[in-house]
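Q: What follows is the residue order along each chain.
2 protein chains.
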Amino acid sequence: MSFEVKALYDFDGEPNTAEMSIVAGEILKITRVDVGEGWWEGLNSVGKSGLFPQAYVEKITATASPIVEAQNTSPTKTEEWDDDWDNDTYSEIGQNNNENIYMNDDFSSNYDGGEHHFPDNKGTVSKKSLNRFSSFVKNGGEDYLLGQVKVQVSDDQKIRIIQLDEMSFAWPQANGNYTVQVTSPKKESKLKGLKSYIAYQLTPSFNNIQVSRRYKHFDWLHERLSEKFALLAVPPLPDKQISGRYEGQFIEHRRAQLQEFVDYVCRHPILSRCEVWQHFLTCTEEKLWKQGKRQAEKDQLIGAAFCLCIEAPERTLLPSVSENLESENLPFINRLDNVFKVVLATTTDASKKYKTLYSKESLKIGQNFFALGTSIDNTAIPCKLAQFCKHIGTAYMDIGKLYEQQPMYDWDPLGDKFYLYRGITTSFQGIFTVCKGASNKRKECEKTMSGQVVNEIKSRCDTLTYTAMSELNHFKNERETDLRDALKRHIEQQIAFHQNIVATLQKALVELH
Amino acid sequence: MSFEVKALYDFDGEPNTAEMSIVAGEILKITRVDVGEGWWEGLNSVGKSGLFPQAYVEKITATASPIVEAQNTSPTKTEEWDDDWDNDTYSEIGQNNNENIYMNDDFSSNYDGGEHHFPDNKGTVSKKSLNRFSSFVKNGGEDYLLGQVKVQVSDDQKIRIIQLDEMSFAWPQANGNYTVQVTSPKKESKLKGLKSYIAYQLTPSFNNIQVSRRYKHFDWLHERLSEKFALLAVPPLPDKQISGRYEGQFIEHRRAQLQEFVDYVCRHPILSRCEVWQHFLTCTEEKLWKQGKRQAEKDQLIGAAFCLCIEAPERTLLPSVSENLESENLPFINRLDNVFKVVLATTTDASKKYKTLYSKESLKIGQNFFALGTSIDNTAIPCKLAQFCKHIGTAYMDIGKLYEQQPMYDWDPLGDKFYLYRGITTSFQGIFTVCKGASNKRKECEKTMSGQVVNEIKSRCDTLTYTAMSELNHFKNERETDLRDALKRHIEQQIAFHQNIVATLQKALVELH
Numbered sequence: 001m002s003f004e005v006k007a008l009y010d011f012d013g014e015p016n017t018a019e020m021s022i023v024a025g026e027i028l029k030i031t032r033v034d035v036g037e038g039w040w041e042g043l044n045s046v047g048k049s050g051l052f053p054q055a056y057v058e059k060i061t062a063t064a065s066p067i068v069e070a071q072n073t074s075p076t077k078t079e080e081w082d083d084d085w086d087n088d089t090y091s092e093i094g095q096n097n098n099e100n101i102y103m104n105d106d107f108s109s110n111y112d113g114g115e116h117h118f119p120d121n122k123g124t125v126s127k128k129s130l131n132r133f134s135s136f137v138k139n140g141g142e143d144y145l146l147g148q149v150k151v152q153v154s155d156d157q158k159i160r161i162i163q164l165d166e167m168s169f170a171w172p173q174a175n176g177n178y179t180v181q182v183t184s185p186k187k188e189s190k191l192k193g194l195k196s197y198i199a200y201q202l203t204p205s206f207n208n209i210q211v212s213r214r215y216k217h218f219d220w221l222h223e224r225l226s227e228k229f230a231l232l233a234v235p236p237l238p239d240k241q242i243s244g245r246y247e248g249q250f251i252e253h254r255r256a257q258l259q260e261f262v263d264y265v266c267r268h269p270i271l272s273r274c275e276v277w278q279h280f281l282t283c284t285e286e287k288l289w290k291q292g293k294r295q296a297e298k299d300q301l302i303g304a305a306f307c308l309c310i311e312a313p314e315r316t317l318l319p320s321v322s323e324n325l326e327s328e329n330l331p332f333i334n335r336l337d338n339v340f341k342v343v344l345a346t347t348t349d350a351s352k353k354y355k356t357l358y359s360k361e362s363l364k365i366g367q368n369f370f371a372l373g374t375s376i377d378n379t380a381i382p383c384k385l386a387q388f389c390k391h392i393g394t395a396y397m398d399i400g401k402l403y404e405q406q407p408m409y410d411w412d413p414l415g416d417k418f419y420l421y422r423g424i425t426t427s428f429q430g431i432f433t434v435c436k437g438a439s440n441k442r443k444e445c446e447k448t449m450s451g452q453v454v455n456e457i458k459s460r461c462d463t464l465t466y467t468a469m470s471e472l473n474h475f476k477n478e479r480e481t482d483l484r485d486a487l488k489r490h491i492e493q494q495i496a497f498h499q500n501i502v503a504t505l506q507k508a509l510v511e512l513h
Numbered sequence: 001m002s003f004e005v006k007a008l009y010d011f012d013g014e015p016n017t018a019e020m021s022i023v024a025g026e027i028l029k030i031t032r033v034d035v036g037e038g039w040w041e042g043l044n045s046v047g048k049s050g051l052f053p054q055a056y057v058e059k060i061t062a063t064a065s066p067i068v069e070a071q072n073t074s075p076t077k078t079e080e081w082d083d084d085w086d087n088d089t090y091s092e093i094g095q096n097n098n099e100n101i102y103m104n105d106d107f108s109s110n111y112d113g114g115e116h117h118f119p120d121n122k123g124t125v126s127k128k129s130l131n132r133f134s135s136f137v138k139n140g141g142e143d144y145l146l147g148q149v150k151v152q153v154s155d156d157q158k159i160r161i162i163q164l165d166e167m168s169f170a171w172p173q174a175n176g177n178y179t180v181q182v183t184s185p186k187k188e189s190k191l192k193g194l195k196s197y198i199a200y201q202l203t204p205s206f207n208n209i210q211v212s213r214r215y216k217h218f219d220w221l222h223e224r225l226s227e228k229f230a231l232l233a234v235p236p237l238p239d240k241q242i243s244g245r246y247e248g249q250f251i252e253h254r255r256a257q258l259q260e261f262v263d264y265v266c267r268h269p270i271l272s273r274c275e276v277w278q279h280f281l282t283c284t285e286e287k288l289w290k291q292g293k294r295q296a297e298k299d300q301l302i303g304a305a306f307c308l309c310i311e312a313p314e315r316t317l318l319p320s321v322s323e324n325l326e327s328e329n330l331p332f333i334n335r336l337d338n339v340f341k342v343v344l345a346t347t348t349d350a351s352k353k354y355k356t357l358y359s360k361e362s363l364k365i366g367q368n369f370f371a372l373g374t375s376i377d378n379t380a381i382p383c384k385l386a387q388f389c390k391h392i393g394t395a396y397m398d399i400g401k402l403y404e405q406q407p408m409y410d411w412d413p414l415g416d417k418f419y420l421y422r423g424i425t426t427s428f429q430g431i432f433t434v435c436k437g438a439s440n441k442r443k444e445c446e447k448t449m450s451g452q453v454v455n456e457i458k459s460r461c462d463t464l465t466y467t468a469m470s471e472l473n474h475f476k477n478e479r480e481t482d483l484r485d486a487l488k489r490h491i492e493q494q495i496a497f498h499q500n501i502v503a504t505l506q507k508a509l510v511e512l513h
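These protein sequences, in sequence, are chains A and B.
Numbered per full-length UniProt numbering, the first sequence finishes at 513, counting up by one with no gaps.
Numbered per full-length UniProt numbering, the second sequence finishes at 513, counting up by one with no gaps.
Careful: at least some of the hints might be erroneous.
For each label pair, taking beta carbons as the anchor points, the in silico distance ranges come out as [unchecked claim]:
1. Gln405(B) <-> Arg160(A): 44 to 50 Å
2. Gln367(B) <-> Glu247(A): 31 to 37 Å
3. Asp299(A) <-> Gln367(B): 44 to 50 Å
Listed below are the simulated DSS-like cross-link pairs for lysine-lysine, each with C-alpha atoms no more than 30 Å apart in a straight line [said to hold, decoys possible]:
4. Lys186(B) <-> Lys216(B)
5. Lys488(B) <-> Lys353(A)
6. Lys353(A) <-> Lys59(A)
7. Lys186(B) <-> Lys364(A)
Quick caveat, the hints were computed from the structure, so don't treat them as lab data.
For every residue, glycine included, the Cβ atom is placed at its ideal position computed from N, Cα and C.
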């Protein structure tokens, strides 16, 4: 594992830590690559050992970009994918996934102990590291800003940002909106039934051709989207972990959550028309699938480099706009992030209480009224009072069943929505970090550089800012249509629920006359 | 305390127990009178010691009837009453009453821990001892059956039992049905505010004159009714014990429970027209009150002796009717007694859950939706989505208040009804014991006596049986009208409750458009 690298940029290590300052051009001997969070350990020419950002150095023999190198240092799921394709097991259902070990204490405090259907900071929400350094540098922000990324962008890859008003920008409307239905999760098997797995059927409205995708295909897709669109808020996938107890219910719930994910992507003007997504939606042939897969994994327009595709407004932004983007938006996003966490816990809790506590309480009440009827029935001639008690009992038992069924119509879909929005707000925290890093780097460059180089850095910094602002605008629109609709449906379903209870009780009352 | 008694009747002591057989005419030296449950301990002429029923013996120097003796052995509340009348304290509210120490384990098992508003076997329900011996003998069953009670009954005291069909008998319809409203529980005070107490206002429909009565007056009344009508099912008073935490709520609930008690008495053809009840309802003058009180306490037509007032059908019943009255009815009554206990626990539990758990849950949900609205509100221009979230939040908070208020409309009144009926079924257990004792005593007498004496004993035994059957018939009618109406009102209130929830949610939904 020992090899030599050349420092690409200066890095000032934090004093009194394991970090080590390096100077551009310096040769370092790498001693560890598994430090994590984008750090490498190495020895400099005077034998001093310390940590420095992996992205600040390049292998002396390397030809590929440092970003690709960085990704190769820890094997990703992607590499296992092809093997797995023919070696599926049912293991994704019912196993703990050790990647998901993060649990926010705040969440637990809002929770009285029970199943977690929407665990906090799990699934893909946790994948995006909030580390300032890794978000900016690992996502290639520095390389992009300094003009180190040279990739040819074709015309059809270009995205022109629309100016709405003085300080409001938006993505271009996507041509040909479409929807995709996620349906029929079913157990499929291979090797004469030895290996089985759950496959979801996806049917895009634009071609009506069904494709079959597993959760791990979604996971691969999500990894590609997150890598490529580090400056967009990619919605989260449902949690990998499961309760294991209600398999049928779990699978149906995961289908509903995947539908949420798919719907959000379909409504997004950029995500919905990107190549890897289209490939995921339409490819039906294994050989073509593998080709598309490899192509997606070789994509160079990932992270901040994706901004090469962006045609931002010509106008140069005031430096303060980039500088203040984070401070002006992060408090709001953090507030939302926190409140989505709270309302997600609320829906999870309500769902659980409806399905268990309230349902059982109503059942017990019903049974006791029924027992009253049975006890009052003393004679051979049917006693009207006894019959009435039994009707009341039946009504309460029926109401118990209504409680058990209800969350799938109101609390669970709303919870899925909050889970999705929580993922979006978490993504924005990462986006702001990249923008903040770019703004800081620009200021740094302005001090040490001059001329056209600085103008280009400024322009690229502006492009990052325009991108973030367009994405913020998209999120705002989503909230005001999609979230609003979800809340409306929830209330409508709650109304229908209580109307059902009224109807059930009225049926019992009629028996009295 | 040592004194001599003469055995009035033969008593066969259970072998291998502390009981001792005695023979009529035998002289016994009493060594203990505090054995309890109507037993005394004594020595016979050969120095053997053992227990025997106190009512089977009479003091050698005594002139009064053994029953009165028996009652004098433990001072009753009655004797304290007059003193208390002018020496009231607020102590009945907020103090534990040591008399109410009975707690049924079965009840607790149905209960998850919380306030007991309808404790099992408390209040006046527990007053009637179920001991076979004491019910029959202590209530004067033996004396009545053997013709030992000689009291003149005036014509207006006579009650003629109606024959409905072959084996169905009923009380005569009372002339002039009336109702009594229990209203305005209020704190009154004496001695310039040093002593305060709660007084309830009673207004009978037949004269519209309000009287003011305290709980302890009800308690005194209940003692008189229970003593006099040992063969009728006197409804129970509400529990003496209180939670102490919600004084206003407790007082209003007690008022509702006293109204239940009063309503049951008013609907009862015998109870509603008895003297002590009329005195309780109408007396407004202190001196007259004391007169009526003393008169009621001197009443000789109490316990089984009350049957001297009964004009039963002429027809002699088959001995099997009396013999089987208990075995044919007690299982049903016991079943009802048990199921009323269960449904009472159900209503208590539901009431508590509505007031606390469900109410708080809905409030919490509402607060979290409201917080979502507050967090989404990012701009100076009011955001429609934020407004909508706040409306949803307000709706759920309002629903929380509905849950808190609801039990007073449905669960609590139904619980009060079940509490009352539980008291009735407990009373019936005592009634059957008296009848069973009488039937056994009759069989005994048939073996040892003959002629007119036996015929009279048979006739009196029949009267007891006719009385119990008439009371059973009344209870059946009560169930089929009063209990049915209570159940109907409960369901109607539940319907109104869920309709209120629907209306509350619809109000929030309207805000969306």
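Q: Taking the earlier hints as the rules, which of them does this structure contradict?
A: 1, 6, 7
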